[in-house]
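Quick mapping for you: the protein sequence lines, in order, are chains U, Y, B, D and P. The numbering of the first sequence is our numbering, which starts it at 595 and goes up by one. The numbering of the second sequence is our numbering, which starts it at 595 and goes up by one. The numbering of the third sequence is our numbering, which starts it at 143 and goes up by one. The numbering of the fourth sequence is our numbering, which starts it at 143 and goes up by one. The numbering of the fifth sequence is our numbering, which starts it at 487 and goes up by one.
Keep in mind that the hints were calculated from the coordinates and are not lab data. As the structure is a prediction and not an experimental result, all values here were calculated from the model. It is possible that some hints are incorrect.
To be verified - For each label pair, taking beta carbons as the anchor points, the in silico distance ranges come out as:
1) U:ARG736 / P:GLY632: 56 to 62 Å
2) U:ARG736 / D:ARG160: 32 to 38 Å
3) D:ALA201 / U:PRO651: 21 to 27 Å
Claimed, not checked - Okay, the calculated bits of chain P under chain U, using three or more residues with CB under 8 Å as the criterion:
4) 537 to 551
5) 635 to 648
Glycine residues also receive a C-beta, built at the ideal position from the N, C-alpha and C atoms.
What follows is each chain in one-letter form.
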Amino acid sequence: MTDIGEAFAAAFSLVYHLDRDLGEIVLLSLQVSVGAVAVASVIGLPLGAAVALFRFPGRGAIVVVLNALMGLPPVVVGLVVYLVLSRAGPLGVLGLLFTPTAMVIAQVFLVTPIIAALARQVIEDMWSEYEEQLRSLGATPRRALGALLWDGRVSLLTAVLAGFGRAIAEVGAVMIVGGNIDHVTRVMTTAIALEVSKGDLALALGLGIVLVALSIAVSAAVALLRGTLAQAQAR
Amino acid sequence: MTDIGEAFAAAFSLVYHLDRDLGEIVLLSLQVSVGAVAVASVIGLPLGAAVALFRFPGRGAIVVVLNALMGLPPVVVGLVVYLVLSRAGPLGVLGLLFTPTAMVIAQVFLVTPIIAALARQVIEDMWSEYEEQLRSLGATPRRALGALLWDGRVSLLTAVLAGFGRAIAEVGAVMIVGGNIDHVTRVMTTAIALEVSKGDLALALGLGIVLVALSIAVSAAVALLRGTLAQAQAR
Amino acid sequence: MTTPSILPLELRAVSFERDRQRLLKSLSVRIAEGPRTIIIGPNGAGKSLLLRLCHGLIAPSEGEVLWHGAQGRDPLRFQAMVMQRPVMLRRSVAANIDFALSLHRIPRPQRRRLIAEALERTGLGAFARVPARVLSFGEQQRLALARTWALRPQVLFLDEPTANLDPAATHVIEDAILAMAREGTKIIMTTHDLGQARRLADEVMFLHRGRLLEHAEAAAFFAGPENELARAFLRGELLWWERRELTPPGTRV
Amino acid sequence: MTTPSILPLELRAVSFERDRQRLLKSLSVRIAEGPRTIIIGPNGAGKSLLLRLCHGLIAPSEGEVLWHGAQGRDPLRFQAMVMQRPVMLRRSVAANIDFALSLHRIPRPQRRRLIAEALERTGLGAFARVPARVLSFGEQQRLALARTWALRPQVLFLDEPTANLDPAATHVIEDAILAMAREGTKIIMTTHDLGQARRLADEVMFLHRGRLLEHAEAAAFFAGPENELARAFLRGELLWWERRELTPPGTRV
Amino acid sequence: GADEFITVASTTSTQNAGLFDHLLPLFEAETGIEVRVVAVGTGQALRLARNGDADLLLVHDRPSEEAFVAEGFGSARFDLMYNDFVLVGPSADPAGIAGLGDAAAALERIARAEAPFLSRGDDSGTHRRERALWQAAGNDPGAASGTWYREAGQGMGATLNTASMMEAYTLADRGTWLSMQGRLDLGVLVEGDAGLRNQYGVTLVSAARHPHIKAEPAQRFAEWLLSPAGQAAIDGFTIGGERPFIPNAHWTRDESPG
Ligand SMILES: Nc1ncnc2c1ncn2[C@@H]1O[C@H](COP(=O)(O)OP(=O)(O)OP(=O)(O)O)[C@@H](O)[C@H]1O
Ligand SMILES: Nc1ncnc2c1ncn2[C@@H]1O[C@H](COP(=O)(O)OP(=O)(O)OP(=O)(O)O)[C@@H](O)[C@H]1O
Ligand SMILES: [Mg+2]
Ligand SMILES: [Mg+2]
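For reference, chain U alone in the conformation it holds in the complex (with noise of 0.2 Å):
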């Protein structure tokens, strides 16, 4: 265990030492998970509350596969988003591969359904409640979904806080499209996976220990935004 001492003492001087490489990882992690959980939530949200509001055919099977792409393999997801960004693939002379862009068109990918299918959960819950009186007020579909959006704001901040952690966590895609390359793609996971592959565990820890306060710092200001949008009663 003693590794595990070295571990939090490698991510203090990490830390104090605060060196440009460090910060340049923790802020590419940063942009590339909260870029990607920003265009997820865009696309997932009223994805997941329309899936709640309209019945139509083929609605249940729609719920069973949205809920199983929660599960959607990061390295799958790699694979198929390299195959299309190579130079070999449809848009390959974009040249995003290993860019961080790339990494969050990746991520996207491995995020939206996470949130649009916990978005559909809240959404259908709250829904049972509002249906009648929204409808009785003539509110059209789209009108309907934005009120329940925003009605549903606290616990859907969870379903984007759950999709964060997906993107902040995950190494498989961001790996595979963005390479790892020092200065350009590298964040912190794949940070972590070079060097436990390098066998330094006590830095790798240090990095994780880093990565996991990064987190905490989001989460906290998720719940300061979220105490301020409990507070907001007006649109």
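Fit chains Y, B, D and P with the ligands to the given chain U structure using the hints.
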């Protein structure tokens, strides 16, 4: 994009010829992930419900940490469990390293916060409706917790599925504590990672398709269970 | 309102079924423009189901709900309803009304006036910026009324709108309902307060176990209904859907 | 019930504050064993808050709520309450009662009898296996009563328990309340039905804007309250907490 | 950073040993060209280059590198440097192979003793060499997979760690071994066999096949690596006083590929 065509061909031929190796890997994947999710549910659901119900100093901090731990990096969890189970570690004598049990243990750490954090949100939303009624009826906190878990069963199932999604898809932790040893601890995700590093992308994708199909099957099974639970009225 | 009315409303052999139970049984009725229609009947008779069905919130299992005056327009747009348990959005009192108005495409400057007016009429002026969900239930019921009135519907469904109101508020709301009816709004309402039913009804529908047993002029109905069960109901002797001899109220203290 | 009563209940300068608003203002009152206490007052006066405060569901911001007879026992265990909007668990009607009984450690064989009895008394026998949440609101209110009665509390709080009930059901529930009171259950109840208040009250508390303005014998109170606002309230002239001259009911149709 | 950059597909062994951290600043200072290294398994590296996602290939599996050139994906391949593989194992040495000069013979003893042996099992350059050695020993351990012969399916670092935990033998490249030996309960038992030599090569990706390839700066980097300056830089790279890579380019500027 020929790879994607090849991948489907590979997936079909994998399933069609269903060789013993693939069967073994699929089975182990399911065993490990279902086992981990079962343990994580037994811990996480009451834990999340308890955090939702009780008011105590530091509760806000616990919610923040719980939400943050949804983003626990698999590689880091794998490392910590590895250090604890390694021969030099405190539980080394148990000889659990590189066994499926070790993989279950690592995944329990990953999945429990997800289930607990999502359950907290579900139960907290219900609690605002139920609190006074249950307390008026004379429910002890323990009984209130049980009633909420039962009444929220349908929504909580989505939280459990989110946990399962993380477990079945993750590769970092099981790779480190399991070692991806053929016929012993090789699961779908580690097999996919291996094929990627070999450069056999079609086979990797084929395995990925099989894995997603597996997730869909599990999700469909849960949907059936959900239907049964939704109808279950009495205890 | 100069737009043509969506009325009359006709139910043709309408039934409503859930879990293999017929909750509304082959109702046929024509509800015309003009008279205030009050629906009465014991708990669980199906009054709320009937309102929701007419309003289009639930679909009949059999039969048809026809708005003969709709002329291709969406009838729901000309109706409003105060539910038995109104749902408040997680917003301020004013924002709840604002939301309803915005759904009807009323421009923002106009909305402010309508909101102030509706709040004034229901005595909620002081609560404009309070979260709607912390209101007392009587206040919530008044907010639901305010929210609906601001929409100025052609047809207004009211499901026990004064159940939680204090006597003076009940009085004022009854006055407001009468005023709206005078201005041409069709009132279709349920109540358990027989005094209120007498005060407000032009015509009465008596519902029992999902069946429409009587549909009559108010004066005639209260003078003495044709249906035996309706008579028992008026005398307070229809308990749990069954006729019972009960000690007359007042004799027991 | 041979166990000693937890009464009398005393509120000592109790205030309740939310969002920097004093919703109950320095209430001091002693509620003794015996008389049926009816709390009346306009919407938003704080009646429900007061009941929840006495019942221990919310804690006072200032002052004390004392059960002088509790003698170290948890007073909540000897009370029950029918809320203004009762919450039904997502279970069958029978399971809702069963859950409440199991909380009070009543052994299973006994429970079956108590459930059957409670359902019988509230006319819900046919609904035993129906999901509680699909009941009509009147039926739900009856189920809440059934659930509470089965607990045989020493003190029973009732928050507008008949607001959604039909006339006959109201009658029967009033009878049942009187019967329980005779058997020694302390009744503390709110209502907007002044007729009901007259029928049931031994003593009356008049609440207005969070203040207890009058606490008197029922006969004396209904003969003519001392407080001016209470008088206005009884005459139906207390609107939105303010005195107003209103057209007397009945003159307007 | 410079605005001009090239992408090099390489193996984890070179990256893990820290070679690029030593070389790249020197090259970048000299030319202003940024070198981005994507370190993956040999198979994946070849695959990246084949798809045109890398401008240069730096791996250690000569047969597949030559096949890559022969199929037209690469324009030329050059020897760059070498090190060697070592057979490492627990100090208890249950199969008694310590000090043997012949790797194949050592493997044969391990098989006979059924002593735990951990294979990379990932079709990497190291794994391919290991298989070749088993073949030379006349043994096919694949049938025993899951018993004493275990296939890890992981990179070199992880495999060494695992072997150390399992008290198993394994074949490792010297670079990774040197960078990790301090943390392992393993020792070098067999080394120096000619069959253990590990040749690294640098392969230019064909601009004819992939016109978007940054052929010119990639070629500059390759030339620099092969030039006396680059060779000296490799020579000067040490871990704990030992040289993990020995430069052995025999290239002259006239050989420059077109
Ligand atoms: N949590 C809260 N935050 C802010 N205000 C509140 C809260 N709860 C209640 N109120 C306010 O306190 C006042 C009293 O509420 P209460 O529910 O006790 O009224 P009531 O006398 O029971 O009225 P009703 O006859 O309508 O049931 C109301 O004006 C309500 O808006
Ligand atoms: N979704 C449903 N599934 C099964 N039964 C239902 C459903 N909705 C309503 N019911 C039943 O239909 C009957 C009529 O309900 P409804 O709410 O219309 O009664 P109501 O006449 O409005 O009674 P109240 O006076 O209590 O409001 C009730 O007995 C109720 O239990
Ligand atoms: Mg109703
Ligand atoms: Mg109240």
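Here is how each hint holds up against the structure:
no., hint, result
1, U:ARG736 / P:GLY632: 56 to 62 Å, "57 Å, holds"
2, U:ARG736 / D:ARG160: 32 to 38 Å, "35 Å, holds"
3, D:ALA201 / U:PRO651: 21 to 27 Å, "52 Å, violated"
4, 537 to 551, "holds (count 3)"
5, 635 to 648, "holds (count 6)"
Checked against the numbered hints above, the structure violates only hint 3.
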